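*Asks:* Spelled out, the chains give:
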Amino acid sequence: MVNLSFKIGNLSFKNPVITASGTCGYGIELEDFISLEKLGGIIVKGMTLKPREGNPYPRMVETPSGMLNSVGLQNNGIEYFEKHIYPRLTGLDTNVMINVNGSTIEEYVELAERISHLEKIPAIELNISCPNVKMGGMAFGTNPVTAREVIKSVRKVYSRILIVKLSPNVTSIEEFAKIAEDEGADAISLVNTLLGMAIDVKKMKPSLATITGGLSGPAIKPVAVRMVWQAAKTVKIPVIGIGGIMNEIDALEFIMAGATAIQVGTALFIDPSVPCKIITGIEQFLVERGFEDYSLLIGYINKNF
Amino acid sequence: MAKLIRDFKVLNNTKITQDYFILELVSPEKLQNLMPGQFVQVRIDGSRETFLRRPFSVHDLDYDKNSIKILVQIAGKGTEKMSKLLPGEILNIIYPLGRPFSEPNKGENILLVGGGSGVAPLLFLAKHIKQLEINPDILLGFKSQQRIIETEEFEKYGRVFITTDDGSAGREGLVTEHPLLLKGKYDRIYCCGPEAMMKAVVSLAKSRNIFCEVSLEHLMACGIGICLCCIVKTTRGNICTCTEGPVINANELLW
Ligand SMILES: Cc1cc2nc3c(=O)[nH]c(=O)nc-3n(C[C@H](O)[C@H](O)[C@H](O)COP(=O)(O)OP(=O)(O)OC[C@H]3O[C@@H](n4cnc5c(N)ncnc54)[C@H](O)[C@@H]3O)c2cc1C
Ligand SMILES: Cc1cc2nc3c(=O)[nH]c(=O)nc-3n(C[C@H](O)[C@H](O)[C@H](O)COP(=O)(O)O)c2cc1C
Ligand code: FES
Numbered sequence: 001m002v003n004l005s006f007k008i009g010n011l012s013f014k015n016p017v018i019t020a021s022g023t024c025g026y027g028i029e030l031e032d033f034i035s036l037e038k039l040g041g042i043i044v045k046g047m048t049l050k051p052r053e054g055n056p057y058p059r060m061v062e063t064p065s066g067m068l069n070s071v072g073l074q075n076n077g078i079e080y081f082e083k084h085i086y087p088r089l090t091g092l093d094t095n096v097m098i099n100v101n102g103s104t105i106e107e108y109v110e111l112a113e114r115i116s117h118l119e120k121i122p123a124i125e126l127n128i129s130c131p132n133v134k135m136g137g138m139a140f141g142t143n144p145v146t147a148r149e150v151i152k153s154v155r156k157v158y159s160r161i162l163i164v165k166l167s168p169n170v171t172s173i174e175e176f177a178k179i180a181e182d183e184g185a186d187a188i189s190l191v192n193t194l195l196g197m198a199i200d201v202k203k204m205k206p207s208l209a210t211i212t213g214g215l216s217g218p219a220i221k222p223v224a225v226r227m228v229w230q231a232a233k234t235v236k237i238p239v240i241g242i243g244g245i246m247n248e249i250d251a252l253e254f255i256m257a258g259a260t261a262i263q264v265g266t267a268l269f270i271d272p273s274v275p276c277k278i279i280t281g282i283e284q285f286l287v288e289r290g291f292e293d294y295s296l297l298i299g300y301i302n303k304n305f
Numbered sequence: 001m002a003k004l005i006r007d008f009k010v011l012n013n014t015k016i017t018q019d020y021f022i023l024e025l026v027s028p029e030k031l032q033n034l035m036p037g038q039f040v041q042v043r044i045d046g047s048r049e050t051f052l053r054r055p056f057s058v059h060d061l062d063y064d065k066n067s068i069k070i071l072v073q074i075a076g077k078g079t080e081k082m083s084k085l086l087p088g089e090i091l092n093i094i095y096p097l098g099r100p101f102s103e104p105n106k107g108e109n110i111l112l113v114g115g116g117s118g119v120a121p122l123l124f125l126a127k128h129i130k131q132l133e134i135n136p137d138i139l140l141g142f143k144s145q146q147r148i149i150e151t152e153e154f155e156k157y158g159r160v161f162i163t164t165d166d167g168s169a170g171r172e173g174l175v176t177e178h179p180l181l182l183k184g185k186y187d188r189i190y191c192c193g194p195e196a197m198m199k200a201v202v203s204l205a206k207s208r209n210i211f212c213e214v215s216l217e218h219l220m221a222c223g224i225g226i227c228l229c230c231i232v233k234t235t236r237g238n239i240c241t242c243t244e245g246p247v248i249n250a251n252e253l254l255w
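Chains as they are written, first to last, in this note's numbering: chain A, 1 to 305; chain B, 1 to 255.
Keep in mind the hints are simulated off the structure, nothing from the lab. These numbers come from a predicted model, not from an experiment. Any given hint might turn out to be false.
[What the hints assert, rightly or not] Restraint-style ranges between C-beta atoms, simulated for each label pair: (1) B:Gln145 to A:Thr212: 36 to 46 Å; (2) A:Asp93 to B:Gly88: 41 to 51 Å; (3) B:Trp255 to A:Glu37: 42 to 52 Å; (4) A:Glu292 to B:Glu195: 49 to 59 Å; (5) B:Lys143 to A:Lys202: 16 to 26 Å; (6) A:His117 to B:Gly107: 54 to 64 Å; (7) B:Glu103 to A:Ser159: 52 to 62 Å; (8) B:Asp165 to A:Glu37: 49 to 59 Å; (9) B:Thr14 to A:Ser5: 48 to 58 Å; (10) A:Asp93 to B:Glu155: 51 to 61 Å; (11) B:Glu252 to A:Lys202: 26 to 36 Å.
[As the list claims (entries may be wrong)] In silico DSBU-like links for lysine-lysine, alpha-carbon gap of 35 Å or less: (12) A:Lys277 to B:Lys3; (13) A:Lys120 to B:Lys3; (14) B:Lys3 to A:Lys7; (15) A:Lys277 to B:Lys9; (16) A:Lys50 to B:Lys233; (17) A:Lys277 to B:Lys77; (18) B:Lys15 to A:Lys205; (19) A:Lys205 to B:Lys77.
Positions of the beta carbon are idealized from the N, C-alpha and C atoms, including for glycine.
Starting from the given sequences, assemble the full structure and let the hints guide the process.
*Replies:* Structure below.
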């Protein structure tokens, strides 16, 4: 048997495959296709204190090897989650994590504090990189001063595992990775979507109601791999790689670039059972190549090239 | 009903006009129960142009053969590729998806209104309604005589009325100008077609106080309720048309 488990701080994960926020609902929606307990973890959809309607339709458009979305953090808010969803997730033997969002630092802090009372949520992912909201989101995560401030403030009230999700829409990913580490994040995850845009030429109008949106899928993978590689060389905390992962080969690419774990996003839309295939695929690769522990592959490229 | 991902086999691919074809697909096992209005998500291939799945309504099915039919209009790259599928080829689908049309009561007067690829879910619905011993009226709108599809099939299940924009067959004009919609006595109207048509039908049905359901064709990424891309604004807020639709009650729409 090969080892696929790892830790962030004191939190154990049974394997490095996690479903990405905004692409797996509350996790429950995937239950027809996979057993959630097989996963390393689930990051439920972007949450805010109050319910949010999100952006108008159309909110998505297919683009070459990917898609643009402008969902804009539609969610029912923390209260709904506590009442209706949390009880259904607490029995699960996997790490259920919440993606935390706010329009102001106070909102981020209040939400993080409230989640800290949910015993069965061992970690939060602080989303300072959503490109689809006017207030907050990426505005925080692309400015070093506000990024630092929001991470610092949340860290003060949240003592469990804090993952900070970084935006690729910056010139130096190293700078933001370092800020997260300095302010006490337990891990960083990257990348969120790349800001993009598409025009319906036949209709002569923007494809999305918001004009711009976030690009995801294999189209962004090389950019994401590069950023994970740069970030992993810069910080000592674990890096979680995200961006266009469709199969175990893609997952291993991120791991070799320095990721301790990976998240599967858009691929779930095409094959909601894909996380389990990725887990088995990684296992097989290790067996075939004679590695006993996947951690031997983390940052393989940095060590050898 | 649990959603499944299955490799269906193409039994036949029948061209019906220049732009339309019907695929009959066989399940590798006993076909799950499906209701009119429900849809399937088809994976075309992994190429860069047809990256996401494509949604199609169930047009007809046969539990003895474990097969479903989908009626497809060639609309772009994905449907173009599908039109070239050969018998024996495999098509991966996720099904059953979405909420079906609501069930009519015995003895009710029913009108089905469709146009373009919107006729797809209505055939299965007409067949189902006929099994409830109701003969629905079926009003179908097309651009011209050359564009007419599937009317013989519909005739098996009810009285068929046709409009064409240019008057080359049936009554000239739009379905919403047809006396059936303007004056017909119905308990329920079920509609699927271009959005402009559905909007007009919804407003007529509302003004005449007739129960009306429409099947929406919103852009979808996942089809299973995890991306929140397919929403429509309703009296209940934004709802996903893939899980709470595609069939929506006219009174809930903010059209
Ligand atoms: C619930 C539902 C049921 C449908 N049932 C049928 C049916 O029975 N028969 C039929 O011919 N068509 C049906 N459609 C429309 C069909 O899904 C599109 O025509 C098809 O996806 C076009 O794919 P393409 O690659 O050929 O076009 P492209 O324009 O190349 O597609 C690009 C992207 O836009 C999406 N898209 C394009 N047109 C539509 C549309 N009208 N609705 C939704 N998404 C679209 C595609 O899925 C794809 O993601 C249905 C749509 C929905 C949402
Ligand atoms: C429809 C959609 C909704 C998303 N919602 C969120 C969100 O709420 N919070 C967040 O941090 N990231 C969100 N993301 C970004 C993904 O979690 C992920 O970072 C990104 O899509 C890149 O990975 P992928 O290429 O594997 O999808 C969303 C992405 C998509 C496509
Ligand atoms: S298409 Fe993804 S939620 Fe409806």
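*Asks:* Straight-line Cα separation of A:Lys205 and B:Lys77 no greater than 35 Å?
*Replies:* Holds. A:Lys205 to B:Lys77 sits at ~20 Å (cutoff 35 Å).
*Asks:* Holds or violated: the 26 to 36 Å window for the beta-carbon distance between B:Glu252 and A:Lys202?
*Replies:* For B:Glu252 and A:Lys202 the Cβ distance comes to about 31 Å; the hint holds.
*Asks:* Would you check the hint for B:Lys3 and A:Lys7, treating anything up to 35 Å between C-alpha atoms as holding?
*Replies:* holds, 33 Å
*Asks:* Can the restraint linking A:Lys50 and B:Lys233 be considered satisfied, given a maximum Cα separation of 35 Å?
*Replies:* Measuring from Cα to Cα gives roughly 19 Å; hence the hint holds.
*Asks:* Taking the CB of A:Asp93 and the CB of B:Gly88, does the distance hold inside 41 to 51 Å?
*Replies:* With a Cβ separation near 43 Å, A:Asp93 and B:Gly88 satisfy 41 to 51 Å, so the hint holds.
*Asks:* With a cut-off of 35 Å on the C-alpha distance, tell me whether A:Lys277 and B:Lys77 pass.
*Replies:* holds, 28 Å
*Asks:* Please test the hint of 16 to 26 Å on the beta carbon pair from B:Lys143 and A:Lys202.
*Replies:* Holds - the Cβ-Cβ distance for B:Lys143 and A:Lys202, about 18 Å, lies within 16 to 26 Å.
*Asks:* For the hint 49 to 59 Å, verify it against the beta carbon of A:Glu292 and that of B:Glu195.
*Replies:* Holds - the Cβ-Cβ distance for A:Glu292 and B:Glu195, about 58 Å, lies within 49 to 59 Å.
*Asks:* Hint check: A:Lys120 vs B:Lys3, CA-CA at most 35 Å. Holds or violated?
*Replies:* holds, 28 Å
*Asks:* Is 49 to 59 Å a correct range for the gap between the Cβ atoms of B:Asp165 and A:Glu37?
*Replies:* holds, 56 Å
*Asks:* Is the distance from the Cβ of B:Glu103 to the Cβ of A:Ser159 consistent with 52 to 62 Å?
*Replies:* Taking Cβ atoms as reference, B:Glu103 and A:Ser159 lie about 53 Å apart, which means the hint holds.
*Asks:* Quick check: does the Cβ-Cβ distance between B:Trp255 and A:Glu37 fall within 42 to 52 Å?
*Replies:* holds, 43 Å
Comparing the model with each numbered hint stated earlier shows that all of them hold.
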